[in-house]
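*Asks:* Read off the chains here:
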Amino acid sequence: MISMNSEERIVDWATIIKDGAIGAWPICLGYIAIGLALGVIAQKAGLSPMEIGLMSLLVYAGSSQFIAVSMLSAGAGIVPIVITTFTVNLRHMLMSSSLATFMRNLGIGPLSLFAYGVTDESFALNSAKFRGGNWDWRRALVLNHTTNLTWIASTVAGGFGGQFIPAGAFGIDYALSAMFICLLVFQLRGKLYVIVAIIAGILAVVLSLLIPGNSYIVIASVLAAALGVIIKRSRIFSRPEGQP
Amino acid sequence: MIHADYLYILLGMGIVTYVPRWLPLVFLSRLRLPEWFEHWLDLIPAVILSALILPILVTTGAPRHLDLMRPELLVALPTFFFAVKTRSLAGTVVVGMFLFWLAGKFL
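From first to last, the protein sequence lines stand for chains A and B.
So for the first sequence, numbering that gives the first Met the number 0 puts the first residue at 0; every next one is plus one.
So for the second sequence, numbering that gives the first Met the number 0 puts the first residue at 0; every next one is plus one.
Bound conformation, chain A alone (with noise of 0.2 Å):
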């Protein structure tokens, strides 16, 4: 492993904040567009913008805010909407798994700065930027801030008014449909992920029609990479192209 120290003793923290918030550009694209469609749920609910805007900072995820806010308005107790919180969310265990292999070495501070911000959307962009190179823990650090910025602000701008903003405006509602495809298509490095990729989705919408809920990413998720690993151990895949 290369010493981290001797790289970060110089920050430039003026770089950082300008590539974590560039790189942040088409998740905040995607993040206005849902933001505000769930500002307006959320006030046509009974939420005030200020009770919006604080579920935002306080929760930061986004399916699972639709959830709460249709379980509220149906005049749901704490003990539902939070298990049901709770299980919507557990996909982001697995994103974290993945990316403390890109974090090793960190102190707990930056680490729980970090954990707030993983999202299916960051998770997915720093992902793609760790494994491009010139990307780090600094700079995801921001990129996650920047989209919870964008997030809270959108979904508060909601509460206020967004019922004025034409909706599916510039195709923004596809914003992060496309870039999910992209990024997939960047994590697509040899022939062993084309298939588990292939399994996993097929799993995924599979499972997606025989249970309700969004557990079928999780289930799909793990299946399918543990086939990858079976796969990669009995050697039919032992090259990878393009690598040494």
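Since the hints were made in silico from the structure, they are not lab data.
All the pointers check out, no bait thrown in.
Facing chain B, according to a computed beta carbon distance under 8 Å, are these residues of chain A, among others:
(1) S63
(2) A67
(3) S176
(4) A224
Please read these numbers as outputs of a predicted model, since none were measured by experiment.
For glycine and all other residues, C-beta sits at the position ideal for the given N, C-alpha and C.
Put chain B on the given structure of chain A with help from the hints.
*Replies:* The following block gives chain B in isolation, referenced to the frame of chain A:
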């Protein structure tokens, strides 16, 4: 003002969301992991991305059902090939958004 009940709900949601994000980062980043586990983790981004995006493209409704004629899927195909050809994140996002907007006009 914010009600105490609402605040408790948010705190509960926040804790159960934060802990699963925090635990693996703090523990796995310190451990020396077995090789098979490193391989498994290395495959996680590819499988999660695929498991996230594909159901969004080909299923709809509640309860979910298969629908292969959704604009989301029709737009995804050229977007995917654009990403493969150019390997440009910015370009892919812009092209995907434009095609989706176009699909909304004509479909």
